[in-house]
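K.L.:
If you read the protein sequences in the order shown, they are chains A and B. Note that this note's numbering has the first sequence beginning at 1027, numbered continuously upward. Note that this note's numbering has the second sequence beginning at 1027, numbered continuously upward.
Hints in this document: simulated from the structure, not taken from any laboratory. Check the hints yourself; a few may be wrong.
To be verified - Among the chain A residues that face chain B by a calculated CB cut under 8 Å, a handful are: (1) 1101; (2) 1196; (3) 1197; (4) 1200; (5) 1201; (6) 1203.
Claimed, not checked - With a Cα cut of at most 25 Å, we get these calculated DSS-like pairs of lysine-lysine: (7) A:1110 / B:1106; (8) B:1072 / B:1057; (9) B:1079 / A:1106; (10) B:1076 / A:1106; (11) A:1168 / B:1028; (12) A:1106 / B:1110; (13) B:1168 / B:1156; (14) B:1110 / A:1168; (15) A:1079 / B:1072; (16) B:1168 / A:1110; (17) A:1131 / A:1076; (18) B:1079 / A:1072; (19) A:1156 / A:1028.
The beta-carbon is built from N, C-alpha and C at its ideal position, and this holds for glycine as well.
Each chain, letter by letter, is given below.
Number of protein chains: 2
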Amino acid sequence: MKINIGVSNRHVHLKKDDLEVLFGEGYELTKARDLTQPGMYASAEKVTIKTEKDQIGNVRVLGPARNYTQVEISKTDAFKLGLKPPIRTSGDLEGSSPITIIGPKGELQLEQGCIIANRHIHISEEDAKKYGFENDQIVSVKVDTEKGGIFDHVHIKISKEAFLELHVDTDDGNGFLISSDTMGEILDHE
Amino acid sequence: MKINIGVSNRHVHLKKDDLEVLFGEGYELTKARDLTQPGMYASAEKVTIKTEKDQIGNVRVLGPARNYTQVEISKTDAFKLGLKPPIRTSGDLEGSSPITIIGPKGELQLEQGCIIANRHIHISEEDAKKYGFENDQIVSVKVDTEKGGIFDHVHIKISKEAFLELHVDTDDGNGFLISSDTMGEILDHE
Chain A
1027 MKINIGVSNR
1037 HVHLKKDDLE
1047 VLFGEGYELT
1057 KARDLTQPGM
1067 YASAEKVTIK
1077 TEKDQIGNVR
1087 VLGPARNYTQ
1097 VEISKTDAFK
1107 LGLKPPIRTS
1117 GDLEGSSPIT
1127 IIGPKGELQL
1137 EQGCIIANRH
1147 IHISEEDAKK
1157 YGFENDQIVS
1167 VKVDTEKGGI
1177 FDHVHIKISK
1187 EAFLELHVDT
1197 DDGNGFLISS
1207 DTMGEILDHE
Chain B
1027 MKINIGVSNR
1037 HVHLKKDDLE
1047 VLFGEGYELT
1057 KARDLTQPGM
1067 YASAEKVTIK
1077 TEKDQIGNVR
1087 VLGPARNYTQ
1097 VEISKTDAFK
1107 LGLKPPIRTS
1117 GDLEGSSPIT
1127 IIGPKGELQL
1137 EQGCIIANRH
1147 IHISEEDAKK
1157 YGFENDQIVS
1167 VKVDTEKGGI
1177 FDHVHIKISK
1187 EAFLELHVDT
1197 DDGNGFLISS
1207 DTMGEILDHE
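Okay, chain A solo, but in the shape it has when bound (with noise of 0.2 Å):
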């Protein structure tokens, strides 16, 4: 079963208070690019994250504004900001690392909120029950390029509404030479 592969760069998601201390009382995010995610848009507004030892700056919010705040990042990017974040599903941020976000009116000084994304394919419902998935399995993906191989423990993400997608983050693109037109193959599950 073959899919498209998404590579996510660094970005922010925030809820509707947290955009405003960081962009302004009743600031709205302006739409750059819807994303393959109905729905989804990268915004035109970036922040800034830091730790004490170090930041990076240029870091892409995606919309819409959801209902918690939360910084993905790379394993690259987490030394650089020396942290040891969890390797997580969106949204479950429970003893996740603390990080800084800066925006142009504001910062928010966050205990907890970065993670490492893990591997996840998005899929919907109709296609999860047409292709037997349940919701946060764990499967496979092989990837044929020159640099490829298979990634483990991707977790399959059920959405009413879905583009079907596998997204990795950009050490797993950039190790496996991931580019817009690969594709992945699901491998046999259980």
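Please build the complex by placing chain B on the supplied structure of chain A, with the hints as guidance.
P.N.:
Positioned in the frame of chain A, the structure of chain B alone reads:
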């Protein structure tokens, strides 16, 4: 078959003439730390690697001097520098990417010499015979971490003396969360 894993950060190998261009006539490398491969060491010397687009400082020179000058970077570095280096075995530099190396006493504008190293396993002649490997044979290695999987396209590299070890770049190392005590397993091969 279990195997140690070494993650190689970006680095430079220099031939004697080029070492002298960068560091001065008669210059010799200073050993900072032995590497796992017999005779190889990280030197105290660092250079800057540069392209028209960007540059990266503090790039370690490995010793001893070789009979070719070569810059090994990751795909992440390649994006930063605006290069598209080929995936290569050390020393196979025909058609590799141009790059400038800057040292304290001079600089080298190389028309070729920058590669992304292929994944490879160092193995001694004795071990290769014992385990049935041929030089440049391609194998796969499984890595069982929280974000692990399988590396395909791993080249067997036989030397008279060698410490048995898989070498991957920082993209692969960080993508698979490889730390100093992570072991790999060479999968069955034909």
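K.L.:
Of the numbered hints stated previously, which ones are contradicted by the structure, given in increasing order?
P.N.:
As far as the earlier hints go, not one is violated by this structure.
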